[in-house]
Structure formats: C-alpha cells, structure tokens
Amino acid sequence: MTPTRRRRMFIVGAIVLGVGVAVTLGLRGMQESMLYFLSPTEVLAGAATDGRDFRLGGMVRKGSVERRAGDMEMSFDVTDYENTITVRYTGVTPALFGEGQGVIAIGTMEDNNIFRAKEVLAKHDENYMPVEVADMLAQQGKAEDEAPASTAN
Amino acid sequence: MIPEIGQLSLIVALCLAVAQGVFPLVGAQMGKPAWVAVAIPAAAGHAVFIAISFAALAWSFLDNDFSVWYVAMNSNTELPIMYRFAAVWGGHEGSLLLWVLLLALWALAVAGFSRGIPVLLRARILGVMGLISTGFIMFVLFTSNPFLRLFPAAANGNDLNPLLQDPAMAFHPPLLYTGYVGFSVAFAFAVAAMLSGSIDRQWARWARPWTTSAWMFLTAGIVLGSWWAYYELGWGGWWFWDPVENASFMPWLLGTALIHSLAVTEKRGLFKSVTLLLAIGAFSLSLLGTFLVRSGVLVSVHAFASDPTRGLFILVYLAVVIGGALSLYAWRAPGLDREVGFKPFSRETFMLLNNILLAAAAGLILLGTLYPLVLDAMNLGKISVGPPYFETVFIIPMLPLILMIGIGMHTVWRSASATAVLRRLRAAILVTVLAGVLIPVFIWGWNSLLTLVGFVAGTWLIVSSLFDPVRRMMGTGPRITRGMAGMQMAHLGLGLCVLGITATTSFNIETDQRIALGESVVVGDYTIEFESTQMVTGPNYQAIRADMAVSKAGHPVTVLHPEKRIYNVQTSPMTEAAIDSRLYRDLFIAMGDDLGDGSWSFRIQYKPLISFLWLGSFVMTLGGLVAITDRRYRSAARSTDSAPEQAARANAG
Chain A
103 MTPTRRRRMF
113 IVGAIVLGVG
123 VAVTLGLRGM
133 QESMLYFLSP
143 TEVLAGAATD
153 GRDFRLGGMV
163 RKGSVERRAG
173 DMEMSFDVTD
183 YENTITVRYT
193 GVTPALFGEG
203 QGVIAIGTME
213 DNNIFRAKEV
223 LAKHDENYMP
233 VEVADMLAQQ
243 GKAEDEAPAS
253 TAN
Chain B
22 MIPEIGQLSL
32 IVALCLAVAQ
42 GVFPLVGAQM
52 GKPAWVAVAI
62 PAAAGHAVFI
72 AISFAALAWS
82 FLDNDFSVWY
92 VAMNSNTELP
102 IMYRFAAVWG
112 GHEGSLLLWV
122 LLLALWALAV
132 AGFSRGIPVL
142 LRARILGVMG
152 LISTGFIMFV
162 LFTSNPFLRL
172 FPAAANGNDL
182 NPLLQDPAMA
192 FHPPLLYTGY
202 VGFSVAFAFA
212 VAAMLSGSID
222 RQWARWARPW
232 TTSAWMFLTA
242 GIVLGSWWAY
252 YELGWGGWWF
262 WDPVENASFM
272 PWLLGTALIH
282 SLAVTEKRGL
292 FKSVTLLLAI
302 GAFSLSLLGT
312 FLVRSGVLVS
322 VHAFASDPTR
332 GLFILVYLAV
342 VIGGALSLYA
352 WRAPGLDREV
362 GFKPFSRETF
372 MLLNNILLAA
382 AAGLILLGTL
392 YPLVLDAMNL
402 GKISVGPPYF
412 ETVFIIPMLP
422 LILMIGIGMH
432 TVWRSASATA
442 VLRRLRAAIL
452 VTVLAGVLIP
462 VFIWGWNSLL
472 TLVGFVAGTW
482 LIVSSLFDPV
492 RRMMGTGPRI
502 TRGMAGMQMA
512 HLGLGLCVLG
522 ITATTSFNIE
532 TDQRIALGES
542 VVVGDYTIEF
552 ESTQMVTGPN
562 YQAIRADMAV
572 SKAGHPVTVL
582 HPEKRIYNVQ
592 TSPMTEAAID
602 SRLYRDLFIA
612 MGDDLGDGSW
622 SFRIQYKPLI
632 SFLWLGSFVM
642 TLGGLVAITD
652 RRYRSAARST
662 DSAPEQAARA
672 NAG
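Residue numbers (our numbering), protein chains in the order written: chain A, 103 to 255; chain B, 22 to 674.
Simulated from the structure, these hints should not be mistaken for laboratory data. In this text, all values refer to a predicted model and were calculated from it rather than measured experimentally. C-beta atoms are modelled at their ideal positions from N, C-alpha and C, and glycine is treated no differently. Fair warning: there could be bad hints in the mix.
[To be verified] Beta-carbon label-pair distances, calculated as ranges:
id: 1; chain 1: A; residue 1: Glu168; chain 2: B; residue 2: Arg170; range: 46 to 54 Å
id: 2; chain 1: B; residue 1: Phe172; chain 2: A; residue 2: Ala171; range: 28 to 36 Å
id: 3; chain 1: A; residue 1: Val125; chain 2: B; residue 2: Phe172; range: 53 to 61 Å
id: 4; chain 1: B; residue 1: Gly345; chain 2: A; residue 2: Asn215; range: 49 to 57 Å
id: 5; chain 1: A; residue 1: Ala149; chain 2: B; residue 2: Gly344; range: 53 to 61 Å
id: 6; chain 1: A; residue 1: Arg130; chain 2: B; residue 2: Val474; range: 50 to 58 Å
id: 7; chain 1: A; residue 1: Thr151; chain 2: B; residue 2: Ala340; range: 53 to 61 Å
id: 8; chain 1: A; residue 1: Val125; chain 2: B; residue 2: Trp467; range: 29 to 37 Å
id: 9; chain 1: A; residue 1: Ala149; chain 2: B; residue 2: Leu424; range: 25 to 33 Å
id: 10; chain 1: B; residue 1: Trp467; chain 2: A; residue 2: Arg154; range: 28 to 36 Å
id: 11; chain 1: A; residue 1: Arg154; chain 2: B; residue 2: Tyr605; range: 49 to 57 Å
id: 12; chain 1: A; residue 1: Arg154; chain 2: B; residue 2: Lys573; range: 39 to 47 Å
id: 13; chain 1: A; residue 1: Lys220; chain 2: B; residue 2: Leu424; range: 31 to 39 Å
[Stated by the list, open to error] Counterexamples of contact, computed for chain A against chain B with all Cβ distances above 12 Å:
id: 14; residue: Gly148
id: 15; residue: Lys164
id: 16; residue: Ala171
id: 17; residue: Asp179
id: 18; residue: Asn185
id: 19; residue: Thr195
With the sequences and hints as input, model every part of the structure.
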C-alpha cells in the first residue's frame with residue numbers, strides 16, 4: 103500500500119467507524135427520548151398502554167381547573183371536544199396556562215384513567231396555541247367554532 | 022404613501038439584484054469586462070433600495086400606520102417606541118425583509134473591503150449573492166409582503182407578542198440573522214471558486230475573515246437567544262434542543278468546522294473539497310433554519326399545507342440553491358485536491374477529526390430535528406424527540422473533540438511526534454488533572470463520572486489554551502500572532518462554557534415551592550423569605566410583584582422582585598423572573614400561581630457557574646474578532662505574500 107492509500111484507508115475507516123457508532127447510539131437514544139403526542143380520544147382508544155411518558159394535548163376545559171387553597175397540587179380536564187381526560191399536576195403552571203387555552207402535558211396514565219403530569223408546557227405559537235393542538239383540532243374540524251385556529255405566520 | 026415607497030424600492034432592489042446576479046456571472050464566464058463591472062454598482066444600488074424599503078417599514082411602525090396589515094398585526098399605540106422598532110422583525114414578513122437587508126449589507130461589505138481580491142473572483146462572489154437575494158426578494162414580494170394594506174385601516178394594532186417585548190428582541194434576531202446571512206459570503210466564495218475552477222491558498226486566506234465574522238455574529242446571536250430564554254422565556258432553562266434552537270446551532274457547528282477547514286486550506290493547500298462542502302453545508306443549513314423556523318414548517322407540516330405557495334416556493338428555492346451548489350461541487354471537486362502527504366499524527370489529522378466530529382454532531386441534530394417532521398408528513402403519528410436524544414448524540418462526538426483540541430493546538434503541520442507533544446504538555450496535563458478533579462470535588466463533592474469528565478475537559482481546554490501565552494510571558498514561548506491569540510481565546514472561551522454547562526447541569530437545584538406571606542424556604546445554602554406583594558403599573562402592563570429577601574447563614578444577600586404581568590392589549594400573563602447573578606452562581610426566582618390563601622407558588626433555582634457559559638461565549642466571540650484583525654489579512658488585501666514569509670507563518674493559527 104502506498105502512503106497515500108494508507109492515509110485514505112485511515113480516513114475512510116475513521117469516518118465509517120465514527121458515523122456507525124454515532125448513528126447506532128443516536129437511534130437508540132431516539133427510541134428512548136421519543137415522545138408521542140396523543141389526543142384524549144386517542145388515549146381512550148388505547149394508544150397509551152405501554153406505561154411510557156407521552157404528550158397529551160388539547161384544550162383546558164372551561165371551569166375544570168381545581169385547586170385546594172394553599173396546595174400546589176391541582177387538576178384540570180384536557181379535552182379535544184370529543185373526549186376528556188382529567189390531569190393531575192403538582193407545581194408551577196406556565197404563565198399562559200388557563201381555562202379555554204391550549205395545553206400540552208407530559209406524563210403517563212394512571213390506573214384510574216387519570217393523567218399524572220410531570221410537566222405542563224408553556225410553549226405557544228404567536229396565537230397562543232401549541233401547534234400540535236391547533237393541528238389536532240383543525241383535523242377534527244373544530245378549528246372555526248370553538249378554538250382559535252393557528253395559522254402559519 | 023410611505024409603505025408604497027417601501028414596496029416600490031423592493032421591486033427596484035429586485036431588478037438590481039437580478040443585474041447583480043446575472044451580468045457579473047455571465048460576464049466573468051464569457052470574458053466581458055463591461056458586464057463584470059456591473060457587480061459593484063449593482064450591489065451598492067441593491068443595498069440602498071433595500072435599505073429604503075426597510076426604512077419605510079420601520080417608519081410605518083414608528084408612525085403607527087395600522088393601515089398596513091403587518092403593522093396592525095404586530096404593533097400597538099401603547100407599545101414603547103423601542104419595541105415598535107424591534108417589532109419590524111417581530112413577524113415572518115418583516116424578519117425576511119431584515120434577512121434581505123443584511124444580505125445586501127454583507128454584499129456591500131464584500132464590494133467595499135475586497136480591493137486585493139481579483140476582479141473576476143469578486144464579481145462572481147457578488148453575482149452569487151445577487152442571485153441569492155433575487156430569490157429572497159421574490160419570496161418576500163410574492164408570498165410574504167410586509168407592505169400589504171389593510172382596508173379599512175385598523176383603529177389600533179394587535180400588539181407585539183408580550184414574549185417578544187424584551188430588550189433582547191432588539192439585538193437577538195439581527196445578530197442571529199447577520200450570522201446566518203454572513204455564511205452566504207463563504208457560500209458565494211465557494212461557488213465562485215468552483216465556477217472559476219481554481220481554488221488556492223490565497224482564496225482561503227481571503228475567505229477566512231468573512232467566515233470568521235459571520236461565525237462571530239452567529240455565536241453572539243445564539244448566546245443572546247439562550248440568555249434571553251434563560252431569564253425570560255424558559256423558566257431558567259437556557260437550552261431546550263427546540264427545533265428553533267437547533268436551526269441556529271447546526272449552521273454554527275458546520276461554520277466552526279468550516280473555519281478550521283479553511284485554516285488547513287490556507288496553510289497547507291489541503292482539504293479543498295471538504296472546505297467547499299462545508300461552506301455549502303453551513304449556508305444551506307442557515308437557509309433551512311431561516312425558512313423552516315420562520316414559516317412554521319419545522320413545528321408542523323400542516324402549517325406548510327395550509328399555505329402551499331409559500332411551501333412550494335421554499336422547496337424550489339432550497340432545491341435550486343443547495344442542489345445547484347452541490348451539482349457544481351460534484352462536477353468540480355474531483356480535480357481539486359492535490360496529493361500532499363501528512364502523517365497520522367499531525368495538525369492536519371486533528372483538523373480533519375475536528376471537522377468529522379462537528380459535522381457528525383450537526384448531522385445527528387439534523388436527524389433528530391427533521392425526523393418528527395418526516396413521520397408527521399407520512400401520517401405515522403406525531404412525536405417529539407426529547408432532549409435526552411440530543412444530549413446523547415451531542416456529547417458523544419464532543420467529548421473526544423474537546424480532549425483532542427488541547428493536543429491539536431500544540432501539534433505542528435505535516436508530521437508531529439505524539440510523545441514529544443505529550444512530554445511538552447505534561448505540566449499542563451498535570452495541572453488539568455489536579456485542578457479538574459480536586460477543585461469541583463472540593464467545592465461540590467462527588468457527583469458522577471460524566472460530571473468529572475466534563476470538569477476535566479473544560480479545565481483541559483482552558484489550561485492548554487493558556488499554555489503558550491503563559492510560556493510566552495515567561496519568555497520561553499513562541500511569538501503569538503493575532504490569529505493564534507484569537508484561536509487560543511476561542512478555545513479558552515469554549516473551556517469556560519464547558520465548565521459552566523457541566524456545573525450548572527450537575528449541581529443545579531430546581532424546586533417548585535409553596536410559600537405563604539411572611540414565611541421562608543431553604544434552597545441550598547440560601548433562605549428565601551416571601552416578604553410582601555405589591556401592584557405595579559408598567560407602560561403597557563399591570564403587574565403583581567413579590568419581594569423575596571434572600572439570606573445566607575443569617576446574612577442578607579439581596580432582595581429579589583419577581584413579577585407576574587398582564588399586558589393590556591393581548592391580556593396575556595407573563596412571568597418576569599428575578600435573578601441574582603454572581604460569577605459563581607445565579608439565584609433565580611419566578612412567580613407561579615396565587616394559591617388562594619395568601620400563599621403563592623414559586624419556582625426557585627440555584628445555578629452554579631452559569632455565568633461561565635455567558636462569559637465563555639463572550640470570550641469565544643472576542644477570539645473571532647481578534648483573529649480577523651490578524652495582520653496577514655490586511656497584507657493579503659494588498660499583495661500575495663512572499664514564499665519565506667509564508668513559510669515563517671506556516672505554523673500560525
């Protein structure tokens with residue numbers, strides 16, 4: 103082998119090895135950190151049975167936010183206007199959280215069909231709707247009547 | 022009238038952009054000097070008319086002209102004047118206009134500061150930038166016109182999203198965009214070189230300061246965004262691996278690789294095809310970032326479907342720019358690289374590994390960013406790829422890279438002896454191991470192996486960056502050029518960042534606490550007392566403000582005032598966190614909810630060394646600035662160096 107060729111082999115070998123290791127680890131990491139986004143209807147249809155965390159999205163049903171005075175534990179209903187799931191959460195809610203607003207909660211279903219949220223997300227687009235929630239409602243044809251639709255600005 | 026002037030100027034600018042794109046490129050190819058000479062006047066005119074157009078939009082904002090749809094959507098009479106100006110780029114249309122303006126200004130800079138560059142190369146560079154601008158202005162005019170009138174005019178505007186009403190809004194987007202757009206210069210250099218078919222070391226020397234400048238702006242822009250997220254948007258988080266953040270980080274990674282690759286091309290005439298590919302890649306990712314983020318496509322393909330013209334235009338534009346450049350590359354690249362030998366242990370090898378690792382990190386981040394989009398487009402379900410993925414795929418290439426940087430900096434070109442380098446660095450290695458292990462364990466105690474590795478890596482970067490400057494001060498080291506000093510500063514800054522990231526992720530305390538008025542909680546070494554609340558009236562908001570007295574071991578430290586604001590127009594609540602920032606730690610308090618019985622929930626965080634992250638990024642950016650002031654770029658502008666001079670500098674930067 104000429105030195106040039108040996109160098110090329112070295113470089114190609116390093117690239118192949120590096121990319122291989124990186125992709126393997128990357129895909130494994132992806133499997134573990136992938137979160138599905140589900141609507142209450144999908145959850146009740148049995149889409150979240152494996153006990154893994156997922157993202158529950160929908161609107162906070164009006165009049166459903168309950169909190170005992172002086173307690174950080176709270177509950178609220180997330181609805182896609184077809185089905186509703188009660189969410190329990192302990193902690194600080196994001197500033198834009200409110201009744202009639204879109205919300206995404208990360209957590210799992212408990213046995214009693216209550217969603218235990220680890221995190222309630224504050225991220226909204228310019229129209230105060232999480233994009234996934236806006237999409238979901240738009241696909242159900244609910245966008246015009248009940249929910250403020252999200253447009254691509 | 023003013024908006025129409027803006028619109029008209031944009032159309033004139035489009036014509037000039039076409040002229041700037043077509044005449045110099047065709048002229049350079051066909052050998053017509055008169056056509057080539059169009060480049061500079063066209064670039065100047067283009068910049069002037071874009072500036073007029075931008076000024077017209079800014080005027081409409083300052084003048085509260087709510088007959089302009091875009092102004093009505095993003096501003097309000099109550100909005101403080103500074104935010105009225107920043108609101109120009111508060112939405113999709115205006116931010117694209119800002120993009121075009123910055124592109125025109127970069128082109129103007131190329132026209133003005135490139136006297137040493139051969140006329141044909143400069144004409145081609147300006148030509149490519151003209152074509153990029155042509156596509157962009159068309160996109161603005163046909164799909165995202167900020168000057169559209171609203172009839173009848175709105176009585177008042179919709180206001181700027183309260184999230185964006187922050188001083189950072191005035192600086193973050195322009196800086197970030199200046200960085201994004203700046204890579205168009207490197208891209209244009211690459212395309213121009215491929216069109217001419219020749220690429221030499223002189224070319225790389227000309228391209229380097231431009232690339233480094235763009236990189237500086239991008240670095241500053243990203244960090245400012247991260248800092249903004251930290252104190253305003255993110256409840257104390259500073260990086261979320263959010264698609265928007267990734268979109269700016271990927272070009273940064275490739276841009277960093279490009280800077281290093283250009284150094285090899287300049288010093289050794291090697292890696293030419295890699296350099297070209299990285300230049301194309303960095304700008305392509307910048308384009309992808311701009312479009313996908315600003316058009317909402319990255320977060321939802323359905324947003325894309327709801328506006329097919331925009332989506333189609335973006336796809337065609339990306340295909341033409343990226344596809345065109347890559348085709349040119351496929352045609353020209355095979356003949357470029359000369360066979361010049363270098364040994365497996367040499368600076369070249371370290372640079373190559375650096376490029377591979379940075380590109381791998383960018384690729385894996387791209388995979389994680391686009392994967393949910395692809396699945397969604399194929400109706401395979403909505404998923405999101407969380408931070409654990411990105412953290413894993415980012416750390417894996419970065420840790421070996423960081424350890425290698427310290428050695429690579431001290432190796433020479435062509436062939437080096439590993440044992441000699443390690444022997445020379447043994448004092449540095451000893452200091453690193455002692456300081457990197459003992460200091461953190463002494464301060465915070467044992468945490469985990471990864472924490473330890475992080476501290477050692479950060480310390481190693483700092484120590485190895487300071488190695489030559491310290492030896493120089495002791496009178497035993499080599500002379501340090503501006504280029505080398507810039508490189509050392511950038512690596513030093515990176516080391517500070519690594520320390521900051523390691524400490525703040527390992528020893529961060531984050532807690533949601535219920536606190537009643539007059540009561541206190543203990544977080545780490547600190548006692549925080551909720552003293553009182555008061556109502557505050559801001560220029561365009563009402564707020565409730567808490568007074569939180571912080572003390573440590575009985576000694577008062579500070580009083581923090583987190584706020585919860587309600588903005589008058591959009592009636593949306595915002596939390597305004599209060600931060601007590603010291604070099605060695607930040608204390609962060611954000612107000613949560615009124616719990617009804619006189620108590621509130623608060624999010625309290627203790628973040629050790631987070632200021633190292635901002636400080637390190639600042640040092641890194643400054644390093645770029647020092648590097649571009651190196652004398653050889655100025656002398657390169659006048660004449661090509663003599664051979665001995667080049668040989669004398671062969672080991673620099």
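Subject >> Broken hints, by number >> reply: 2, 5, 6, 7, 9, 11, 16 and 19
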